[in-house]
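Student: All chains, full assembly: derive it from the sequences and hints.
Which chain is which? The protein sequence lines are F and Z, in order.
For the record, in the first sequence the residue sitting at position 286 is 286 according to UniProt numbering, with numbers rising by one throughout.
For the record, in the second sequence the residue sitting at position 37 is 37 according to UniProt numbering, with numbers rising by one throughout.
Treat the hints with caution; some may be incorrect.
All copies of an identical chain are treated as equivalent in the list; a pair is satisfied when it fits inside any one copy or across any two copies.
[What the hints assert, rightly or not] Taking lysine to aspartate or glutamate pairs in the DMTMM-like style, the calculated list, with each CA pair at most 20 Å apart, reads:
1) Lys51 with Glu86
2) Lys100 with Asp80
3) Lys51 with Glu230
4) Lys17 with Glu300
5) Lys100 with Asp193
Worth flagging that the hints you see were computed from the coordinates, not collected in a lab.
2 protein chains.
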Amino acid sequence: MDVDVVQDALDANDLAKAQEWLNRHAPHEVAAELQRLDPVPTAVAFRLLDKDQALEVFEELDPHSQQTILEGLRDEAFYDLVESLEPDDRARVVQEAPAKIAHRVLAGLSPAERQMTAALLGYPEGSVGRYMTPEMVVLRRGLTAAAALDVVRAEGRDAETIYVLPLVDDHRRLVGVTTLRELVLSAADTVVDMISEEAPRAQATDDAESAARLMQEANLLALIVVDSEERVVGLLTIDDAVELIEAADTEDVARQAGASPLRGHYLTASVLQVARSRATWLLLLLVAATLTVNVLQYFEDTLARVTALALFVPLLIGTGGNAGAQSATAVVRALAVGEVRGRDVFRVVWRESRVGLGLGLVLAVLALAIGALLVEWRVAATLAGSLVAICVWASVVGAVMPLLARRLGIDPAVISAPLVTTLVDATGLIIYFTMAHLILPL
Amino acid sequence: MDVDVVQDALDANDLAKAQEWLNRHAPHEVAAELQRLDPVPTAVAFRLLDKDQALEVFEELDPHSQQTILEGLRDEAFYDLVESLEPDDRARVVQEAPAKIAHRVLAGLSPAERQMTAALLGYPEGSVGRYMTPEMVVLRRGLTAAAALDVVRAEGRDAETIYVLPLVDDHRRLVGVTTLRELVLSAADTVVDMISEEAPRAQATDDAESAARLMQEANLLALIVVDSEERVVGLLTIDDAVELIEAADTEDVARQAGASPLRGHYLTASVLQVARSRATWLLLLLVAATLTVNVLQYFEDTLARVTALALFVPLLIGTGGNAGAQSATAVVRALAVGEVRGRDVFRVVWRESRVGLGLGLVLAVLALAIGALLVEWRVAATLAGSLVAICVWASVVGAVMPLLARRLGIDPAVISAPLVTTLVDATGLIIYFTMAHLILPL
Numbered sequence: 001m002d003v004d005v006v007q008d009a010l011d012a013n014d015l016a017k018a019q020e021w022l023n024r025h026a027p028h029e030v031a032a033e034l035q036r037l038d039p040v041p042t043a044v045a046f047r048l049l050d051k052d053q054a055l056e057v058f059e060e061l062d063p064h065s066q067q068t069i070l071e072g073l074r075d076e077a078f079y080d081l082v083e084s085l086e087p088d089d090r091a092r093v094v095q096e097a098p099a100k101i102a103h104r105v106l107a108g109l110s111p112a113e114r115q116m117t118a119a120l121l122g123y124p125e126g127s128v129g130r131y132m133t134p135e136m137v138v139l140r141r142g143l144t145a146a147a148a149l150d151v152v153r154a155e156g157r158d159a160e161t162i163y164v165l166p167l168v169d170d171h172r173r174l175v176g177v178t179t180l181r182e183l184v185l186s187a188a189d190t191v192v193d194m195i196s197e198e199a200p201r202a203q204a205t206d207d208a209e210s211a212a213r214l215m216q217e218a219n220l221l222a223l224i225v226v227d228s229e230e231r232v233v234g235l236l237t238i239d240d241a242v243e244l245i246e247a248a249d250t251e252d253v254a255r256q257a258g259a260s261p262l263r264g265h266y267l268t269a270s271v272l273q274v275a276r277s278r279a280t281w282l283l284l285l286l287v288a289a290t291l292t293v294n295v296l297q298y299f300e301d302t303l304a305r306v307t308a309l310a311l312f313v314p315l316l317i318g319t320g321g322n323a324g325a326q327s328a329t330a331v332v333r334a335l336a337v338g339e340v341r342g343r344d345v346f347r348v349v350w351r352e353s354r355v356g357l358g359l360g361l362v363l364a365v366l367a368l369a370i371g372a373l374l375v376e377w378r379v380a381a382t383l384a385g386s387l388v389a390i391c392v393w394a395s396v397v398g399a400v401m402p403l404l405a406r407r408l409g410i411d412p413a414v415i416s417a418p419l420v421t422t423l424v425d426a427t428g429l430i431i432y433f434t435m436a437h438l439i440l441p442l
Numbered sequence: 001m002d003v004d005v006v007q008d009a010l011d012a013n014d015l016a017k018a019q020e021w022l023n024r025h026a027p028h029e030v031a032a033e034l035q036r037l038d039p040v041p042t043a044v045a046f047r048l049l050d051k052d053q054a055l056e057v058f059e060e061l062d063p064h065s066q067q068t069i070l071e072g073l074r075d076e077a078f079y080d081l082v083e084s085l086e087p088d089d090r091a092r093v094v095q096e097a098p099a100k101i102a103h104r105v106l107a108g109l110s111p112a113e114r115q116m117t118a119a120l121l122g123y124p125e126g127s128v129g130r131y132m133t134p135e136m137v138v139l140r141r142g143l144t145a146a147a148a149l150d151v152v153r154a155e156g157r158d159a160e161t162i163y164v165l166p167l168v169d170d171h172r173r174l175v176g177v178t179t180l181r182e183l184v185l186s187a188a189d190t191v192v193d194m195i196s197e198e199a200p201r202a203q204a205t206d207d208a209e210s211a212a213r214l215m216q217e218a219n220l221l222a223l224i225v226v227d228s229e230e231r232v233v234g235l236l237t238i239d240d241a242v243e244l245i246e247a248a249d250t251e252d253v254a255r256q257a258g259a260s261p262l263r264g265h266y267l268t269a270s271v272l273q274v275a276r277s278r279a280t281w282l283l284l285l286l287v288a289a290t291l292t293v294n295v296l297q298y299f300e301d302t303l304a305r306v307t308a309l310a311l312f313v314p315l316l317i318g319t320g321g322n323a324g325a326q327s328a329t330a331v332v333r334a335l336a337v338g339e340v341r342g343r344d345v346f347r348v349v350w351r352e353s354r355v356g357l358g359l360g361l362v363l364a365v366l367a368l369a370i371g372a373l374l375v376e377w378r379v380a381a382t383l384a385g386s387l388v389a390i391c392v393w394a395s396v397v398g399a400v401m402p403l404l405a406r407r408l409g410i411d412p413a414v415i416s417a418p419l420v421t422t423l424v425d426a427t428g429l430i431i432y433f434t435m436a437h438l439i440l441p442l
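Tutor: Right, here's the structure in full:
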């Protein structure tokens, strides 16, 4: 579907056509379309949805679009929608929304629903507690499979998932986990303790992204969430975990390019928002880049005497930047997926210095050939020698910086390619002119 | 766990300690440890695992480590392991392994298992067919919920999942889908057709990554896979989908830094492999960077007359590169997650030119201040003016290139930050010297 059906239908004022499309497609497809629209058409399109479809589409939208829609709804529709949301989705709406809307959401809820939402909001931002669902089926240990199935049948309609079933003792403390699969496939008189396993768990205050990555590695459909006394308080389901991981990856990607993560959709975020997400780093990097000006000023005499040296400055620092970006990106990703840990510094340095040396030697041969065609051989030799040194240096610096960041408790993803490039630029120039002094008669 | 327990125990020849650790931890944790080891200790550690643990750990390993282990196993252990694998995992082992091992795997299988594996291998590489499991429970339409549950109980033990249950007609053609949740929660005499929904599906020959992203967006635990006649042939489960997405993201991240994706683990891939994954792009970019040499040669006279201009070359092209990398990365990611489509070119250009203008103006003010301190005001003005033009140009080029790539059927992720940076370098210099000719008395 590479055509903006809804946009086109709305532009043509053909509401019937838009309505037909919106109610005939899957919620995630409708959500993807709505997120591409400007605020007014978004609100119009949302009101064309049938009630059930509207709820499902709303849950698929990003927080930015959810707010746009809530702002546009009149009281009755507003409360209807908010009351029907799952508690964890509702908590996230409240968390992201401006105070006025958040207040309106909480005020419109039944006492029971308000309590559930407020409980989730009590956990720190970015914690598992904010993303878990409290709506699950918990089994007492000692039940037979048949009795457990009866519990599932009695309580399952309201649960977000019934596939993962925590087993608890009399104090609601977690003692194990079983699955609907085991319950259904086991003989009716099997005691659930016999078909339970040790349960991976997360504390409600744990970091949500780490919990999501744990689920991914351990192939869990839901992770049991406990409080500080090991009592079961919720489940983190795989759909929320996958979303958490995708959001974290998108943030890492933005940071890797030296930009803050953009909240909301690329096409509908305001130009000011986009510019702001990039401006801080660009400014900092510009200031850092003045180092290169200082270095060049320092070597101004050398440059004046051998003007041919100036020709290769962009090529040389560009290559250094590229090599540094490659190794930085590889290490940041390896850290994110858990292949490398903070204590691996020396192993990584040893690897990257050999990789850098290999790359530098290959590039030097090519550069020597190119340089010899354009300038005298000693300048070409300076270029080639500098390339080797700069490749080693850039590969090591690019790899070590994210590791140091992790050790200092900073997100390694802030060690962006542009940051590495900028730092390698200035040091690369020093290497280049030092090499020139060694090789050329200066 | 930030200590290499296994490595340390093996180094100390304390096999008992290693064995105890290996069998007490979850399979994904053991796999993460094994992947960090060199080939010989990997094989030793693997043989210390209990049989069931060994199987589960093996399934969690990346293809590279799987091969290392298979190569080290003697016949009996080899066939035991291979026969116990799920058909889809086995197909992937065969697909990645050198011919000799692949042959040994297939030869050791029972005829039924061999047929299932060969069938999966019949689908093109990277297709859904390669990643799906044929082991599922399929329901005939018209059954009651009770009868359907009996089918699940009879066939469920061998199925990879029983939560998603395709509904088929007499010719095994897909007519809908229901879930174990619905079966369990519905009255026993409910006809399954009444609790079924329209089934999202993928063709076995479809691209696996796209199918995985569809599952993520639609929050599916398993996606039904059909052949060209709509007959059900398998299920793509969420754990495989999540792995597919992670692998694709890791590839995109590598490409974004101008490197080929590294097959295997960062720490255990050979130095040669790592260097090779980066060399091609570095060489290409070095050749492209000779454009900057040509541009500088063309303007050599200008440079000789106003040597102060040379001081700002690294700063200027560095900033242009950073701005280009930011917009390229944003658009590549927006394309990957489906926020932007190929036809959005004009919308994106309009956005990015305004973003670039805003950023350029802010940077120009700062640059004017810095430049005025160091050089005469006309050079500073040249720098500031160039920054504005270069920011607009870089933001637009960075954003348009991935879109063009998509339109030409090339993976947008190959439009890496280094590629954009290198292209913006040469054009940025042209802008700079043209600006110099306009502002300075040359």
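Student: Run every hint past the structure and note whether it holds.
Tutor: Hint check:
In this assembly of identical chains, the alpha carbons of Lys51 and Glu86 lie at most 20 Å apart only when taken from the same copy (15 Å versus 42 Å across copies). In this assembly of identical chains, Lys100 and Asp80 lie within 20 Å of each other by CA distance solely inside one copy; the values are 18 Å within and 63 Å between copies. In the homo-oligomer, the alpha carbons of Lys51 and Glu230 never lie at most 20 Å apart, since the shortest distance is 39 Å inside one protomer and 32 Å across protomers. Taking the shortest Cα distances, Lys17 and Glu300 never come within 20 Å of each other, neither inside one copy (69 Å) nor across copies (63 Å).
Proximity of Lys100 and Asp193 under a CA criterion of 20 Å is satisfied in neither setting, with 48 Å inside one chain copy and 45 Å between copies.
Consistency with the previously given hints fails for numbers 3, 4, 5, ordered from lowest to highest.
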